[in-house]
Amino acid sequence: MPPRRVLIVGATSAIAQAVARMYAQQGARLALLARNRQYLDTVASDLRVRGASALWTEAADLLDLERHQALVDQAQQALGGLDVALVAHGVLPVQAEALADRRIAAVCWQTNFVSAASFLEAVAQRMEEAGQGTLGVVSSVAGDRGRAGNYVYGASKAALSAYASGLGQRLASKGVRVVLVKPGPVDTPMMAGRPSLGGLLADVDVVGRRIHRGLERGWRVFYAPGYWRLIMGVLKLLPTALYERLKV
Amino acid sequence: MASGDASGPSSWGRNPHTVQRAVALAWASDALPATPEPLLPYGMGRSYGDVCLNPAGPVLLTRGLRRFLAFDAQTGVLRCEAGCTLGEVAELSLPRGFFPPVVPGTRFITVGGAVANDVHGKNHHRAGTFGRHVRALELLRGDGTRVVCGPSASAELFRATVGGLGLTGLITWVELQLAPVPGAWMEVQATPFATLERFAELTAESDKTHAYTVAWVDGLARGSALGRGIFFRGNHVSGGEVPRAPEPRWRIPFDAPDALLSTPLVRAFNALYRRWPRPGTRRVSAWSFLHPLDAVGAWNRLYGARGLFQHQSVVPGAQGVRELLATAADSGQGSFLTVLKTFSDVPSPGLLSFPRPGWTLALDFPGRGEATARLLSRLDAVVRAHGGRVYPAKDAHMSRDTFRAGYPTWKAFSAHVDARFSSGFWQRVGPEAV
Numbered sequence: 001m002p003p004r005r006v007l008i009v010g011a012t013s014a015i016a017q018a019v020a021r022m023y024a025q026q027g028a029r030l031a032l033l034a035r036n037r038q039y040l041d042t043v044a045s046d047l048r049v050r051g052a053s054a055l056w057t058e059a060a061d062l063l064d065l066e067r068h069q070a071l072v073d074q075a076q077q078a079l080g081g082l083d084v085a086l087v088a089h090g091v092l093p094v095q096a097e098a099l100a101d102r103r104i105a106a107v108c109w110q111t112n113f114v115s116a117a118s119f120l121e122a123v124a125q126r127m128e129e130a131g132q133g134t135l136g137v138v139s140s141v142a143g144d145r146g147r148a149g150n151y152v153y154g155a156s157k158a159a160l161s162a163y164a165s166g167l168g169q170r171l172a173s174k175g176v177r178v179v180l181v182k183p184g185p186v187d188t189p190m191m192a193g194r195p196s197l198g199g200l201l202a203d204v205d206v207v208g209r210r211i212h213r214g215l216e217r218g219w220r221v222f223y224a225p226g227y228w229r230l231i232m233g234v235l236k237l238l239p240t241a242l243y244e245r246l247k248v
Numbered sequence: 249m250a251s252g253d254a255s256g257p258s259s260w261g262r263n264p265h266t267v268q269r270a271v272a273l274a275w276a277s278d279a280l281p282a283t284p285e286p287l288l289p290y291g292m293g294r295s296y297g298d299v300c301l302n303p304a305g306p307v308l309l310t311r312g313l314r315r316f317l318a319f320d321a322q323t324g325v326l327r328c329e330a331g332c333t334l335g336e337v338a339e340l341s342l343p344r345g346f347f348p349p350v351v352p353g354t355r356f357i358t359v360g361g362a363v364a365n366d367v368h369g370k371n372h373h374r375a376g377t378f379g380r381h382v383r384a385l386e387l388l389r390g391d392g393t394r395v396v397c398g399p400s401a402s403a404e405l406f407r408a409t410v411g412g413l414g415l416t417g418l419i420t421w422v423e424l425q426l427a428p429v430p431g432a433w434m435e436v437q438a439t440p441f442a443t444l445e446r447f448a449e450l451t452a453e454s455d456k457t458h459a460y461t462v463a464w465v466d467g468l469a470r471g472s473a474l475g476r477g478i479f480f481r482g483n484h485v486s487g488g489e490v491p492r493a494p495e496p497r498w499r500i501p502f503d504a505p506d507a508l509l510s511t512p513l514v515r516a517f518n519a520l521y522r523r524w525p526r527p528g529t530r531r532v533s534a535w536s537f538l539h540p541l542d543a544v545g546a547w548n549r550l551y552g553a554r555g556l557f558q559h560q561s562v563v564p565g566a567q568g569v570r571e572l573l574a575t576a577a578d579s580g581q582g583s584f585l586t587v588l589k590t591f592s593d594v595p596s597p598g599l600l601s602f603p604r605p606g607w608t609l610a611l612d613f614p615g616r617g618e619a620t621a622r623l624l625s626r627l628d629a630v631v632r633a634h635g636g637r638v639y640p641a642k643d644a645h646m647s648r649d650t651f652r653a654g655y656p657t658w659k660a661f662s663a664h665v666d667a668r669f670s671s672g673f674w675q676r677v678g679p680e681a682v
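So the protein lines, in turn, are chains D and H.
Under this note's numbering, the first residue of the first sequence is numbered 1, with each subsequent residue one higher.
Under this note's numbering, the first residue of the second sequence is numbered 249, with each subsequent residue one higher.
Derived by calculation from the structure, the hints in this document are not laboratory data.
Because the structure is a prediction, the values reported are computed rather than measured.
Accuracy of the hints is not assured; some may be wrong.
[Unchecked claim] Here are a few chain H residues that face chain D, going by a calculated C-beta distance under 10 Å: (1) Ala274; (2) Ala279; (3) Leu280; (4) Arg314; (5) Phe316; (6) Phe319; (7) Arg446.
Ideal placement from N, C-alpha and C gives every residue a C-beta, glycine not left out.
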């Protein structure tokens, strides 16, 4: 099998790195996009040592929507095509700060939804033309039902999940598979010092392996780790009157 | 894998019990967190006592710094961030014909921790300590400067940092010379012995023929049985597919009751263990020979909520070991797993490196309050009487005097300690506050 050609948007996120490590070990050709050049270079060195057969990196402001299509096109050209793309960038604001300062909330929505959706569309365009590809997106369990403690973040992920769902339906007949990942809280710098639902904090390697498997097998919607499917299934079914009294 | 819980990171022996604050590091290029309190790097938390704890401030969790930076498959030189574990290094390098030059009893330690404790392994008689294989490292000092040091560049700071217990600054990356190996398998032999004299003979002959040698000793045997045990030796061999490092097969899910390691049960375990080895040469994976306990996750929980204490020391020879074994056995607090190994005269590179020529004995005891403290003091006294020293990585008890007697270089070392770094251990045995 020729090496997989994989684009990762938000490649310096801890979850994205864990997925990229899996692909690198298999000798994939990787294109990485992220904001910080220095971080990106470190991640690229790691993936090169682990076995990536080609690496293309570009540091860019991912909020600059006008560059999205060009960045995706450059990556596609550098890799000689696109088999897999993973849109993984996001920010987790401190809820109280985001409520006190609407601009913090807006940056969260801009990053997690507007920018992510725009990248999805830019990749979808090229995969649809090619008639093949797997388009993954990292959403969150937080998007399944708004919680008092993090609904600013949750709303952005809810919008992203809905977007991916619609996109998946649109592309189903075009040979392109949309893969929607909903991680629970993961032991990453993003979560450092934050309270997590039920105190559950998954190992980033476990989550990375599961996302890699989901992408390779074309799972349409899945949780990482898998037990979140059960937890969120119950949470989503609770009547609102009861849910409002719940401290989660 | 860090044994942290609601009260934050802890040490492997879970003694001393503390509530430890922590800051997670994500990028080696970032500045140190701005705090008024002193800092201390913390990797996998496999040190037994308080060298990895910082009661006066936060620890810096280094597991976020776990990227490989460069690897030369011809020479086996690897540069990696300090939070990579030896297991991760081995998984990368074994398929390419290289292995970490020195591994202790677990693969779940970070490269930074291996340098900071200048760890040794069953191959000490040939390879010496871990620090001997470090070509260079970057140290991020408390004032924000970065110093690349090695055996020839900034050599004094390097000598202080190897075995320096994280006190000279944050190690961000390490460049290591890995060892070429013919394969991922090992040929091993287990030989029972009845006396320490026999152990000495087995060691003397095996150190010439085998890369790895170590012995398990029956920690409860007294009188004429004292000093009996099993001698293990092994060599890397070629052939066969590279086995993946197994994930722990079991994980101890909760703290065991104190009764689990009561003397009768430890006695039964030791008796069984003594009958375990099959004669002849066996072929096993490097993982299972070098890291047998890694098959059980969180095995420290077997010691219950009160945790355990290790006592590892080096003394010049058999007489000291005999007295240590007798002291432990007479105390009625049986050592569950007792390990004996000889150190060769390969020089250790660090000012505070533990290994020096002699015999090293590791004993472990369930935490039983004052009784354990008294036993540890008696063991320390034996070590001092023989002119030996105690291993800081395993220690939560030794006095300032015992430390200074064992490490006369402590003063030269103190001059290199970074003003923004400290640890529970250093507050206990380092210079008194003025």
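With a cut-off of 10 Å on the beta carbons, see whether Arg446/H makes it to chain D.
Violated: closest Cβ of chain D sits about 45 Å from Arg446/H, beyond 10 Å.
Does the interface hint hold: is Ala274/H within less than 10 Å of chain D, judged Cβ to Cβ?
For Ala274/H, the interface hint holds, since the closest Cβ of chain D sits about 4 Å away, which is under 10 Å.
Using the nearest Cβ pair, does Ala279/H come within less than 10 Å of chain D?
Violated. Min distance 12 Å.
Minimum Cβ distance from Arg314/H to chain D below 10 Å?
Interface hint status for Arg314/H: holds (8 Å vs cutoff 10 Å).
For the hint on Leu280/H, just tell me whether its beta-carbon gets within less than 10 Å of chain D.
At about 15 Å, which exceeds the 10 Å cut-off, the nearest Cβ of chain D leaves the hint on Leu280/H violated.
Answer holds if the nearest beta-carbon of chain D is closer than 10 Å to that of Phe316/H; otherwise answer violated.
This interface hint holds because 4 Å falls under the 10 Å limit.
Take the shortest C-beta to C-beta distance between Phe319/H and chain D; is it under 10 Å?
holds, 5 Å
Of the numbered hints given earlier, the model fails hints 2, 3 and 7; all others are met.
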